[in-house]
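Visitor: If you read the protein sequences in the order shown, they are chains A and B.
Heads up, the first sequence is in our numbering, so the first residue is -15 and it goes up one at a time.
Heads up, the second sequence is in our numbering, so the first residue is -15 and it goes up one at a time.
FYI, nobody ran anything at the bench for these hints, they're computed from the structure.
Hints are all accurate, no fakes.
Since the list gives no way to pick one copy over another, a pair counts as held whenever it fits inside one copy or between any two copies.
DMTMM-like, lysine to aspartate or glutamate: derived pairs with alpha carbons at most 20 Å apart:
| no. | residue 1 | residue 2 |
| --- | --- | --- |
| 1 | 85 | 30 |
| 2 | 81 | 67 |
| 3 | 89 | 30 |
| 4 | 55 | 38 |
| 5 | 96 | 20 |
| 6 | 146 | 118 |
| 7 | 55 | 84 |
| 8 | 81 | 51 |
| 9 | 142 | 130 |
| 10 | 114 | -2 |
| 11 | 58 | 84 |
| 12 | 152 | 129 |
The model shown is predicted, which means the values in this text are computed figures rather than measured ones.
Protein chains: 2
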Amino acid sequence: MTDIIEREVKLKLESPTLTDLYNKLLGDGIQFIRKETEEDIYFNTEFRDFRKTDEALRIRKTDTGIEFTYKGPKIGKLSKSREEITVTVNNTENLIKILEKLGIKPAYTVVKNRIFLRDSEFIICLDTVKDLGEFIEIEIPNSTEEKLINYVNLFLEKYKIKATQIKKSYLELLVTKNEKNDSNTD
Amino acid sequence: MTDIIEREVKLKLESPTLTDLYNKLLGDGIQFIRKETEEDIYFNTEFRDFRKTDEALRIRKTDTGIEFTYKGPKIGKLSKSREEITVTVNNTENLIKILEKLGIKPAYTVVKNRIFLRDSEFIICLDTVKDLGEFIEIEIPNSTEEKLINYVNLFLEKYKIKATQIKKSYLELLVTKNEKNDSNTD
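Generate the whole structure from the sequences, applying the supplied hints.
Guide: See below:
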């Protein structure tokens, strides 16, 4: 657990394209940090339904390693605040096999290409999420919501961005999308 | 899983002491491989009783790292044959916390100091197991039971060893001992 409270705004990008925006930002001197492919495998169990308990169990594979993380239910009013426990492991396939033996099975996989940028104290993530589209996440650690909202509004205006604010996680968006698809085919 | 079938004999040592035996063996030119402290934490779950399903879930801490292992029920007639899946992790405490969140809790801890020796194709382990005493394990990979038994008999005779053969695992011995203690105090 950490005492840092991350304030974050997530936006579904309509225009321009993520590539065009990326080029404009670099042209304006915004600092490139790194690119990363993240594959997040979310699990659910035979003995407890994480959708009901608001828990999450995730394996995250990146270019640099494999993390196994438990996230507890959201705590109190700060919707981004929740207990998080992580270990790193050496082998995704074997960890999945062990979990399956315990009745804990992969439910959803979220794959995204993420570009990390920095504009002074703000972190800007440009995300291309498989099956969901292009997103911007802007966050500021240890600061006020007001400061973040002001920055986001100026940012949208300056780069003529059309976007919709999203409160859900990528996992929740994917689950919602799949449930819609399921009901369409009924 | 592996195709190697390990044939192994486990003996509870009565005399001489493990230290005396160790010194005699080294004096006879038997090869020292390494010493290791192994701490094995065995888990059980709220949703399935591993004592009934003949499964095991274990964290093994040694001087060289941390392993997380699932062992399936024993298969067929070869009592030492069972599915085994392992990953290495970086942090015991956090893995225990994650497992506890899932209703999987530490049940028993087996701590042993193990000395690995080699006598041609035979591996000899001299084990000092906390709360259980001193043991010898002799194993030979990929060979016959007859060859192993012959070696063990010659070994016991040559070093004037008094010992009892044990079929149970250290975990089973510890569970049995605790159940006895529990019933004695009733």
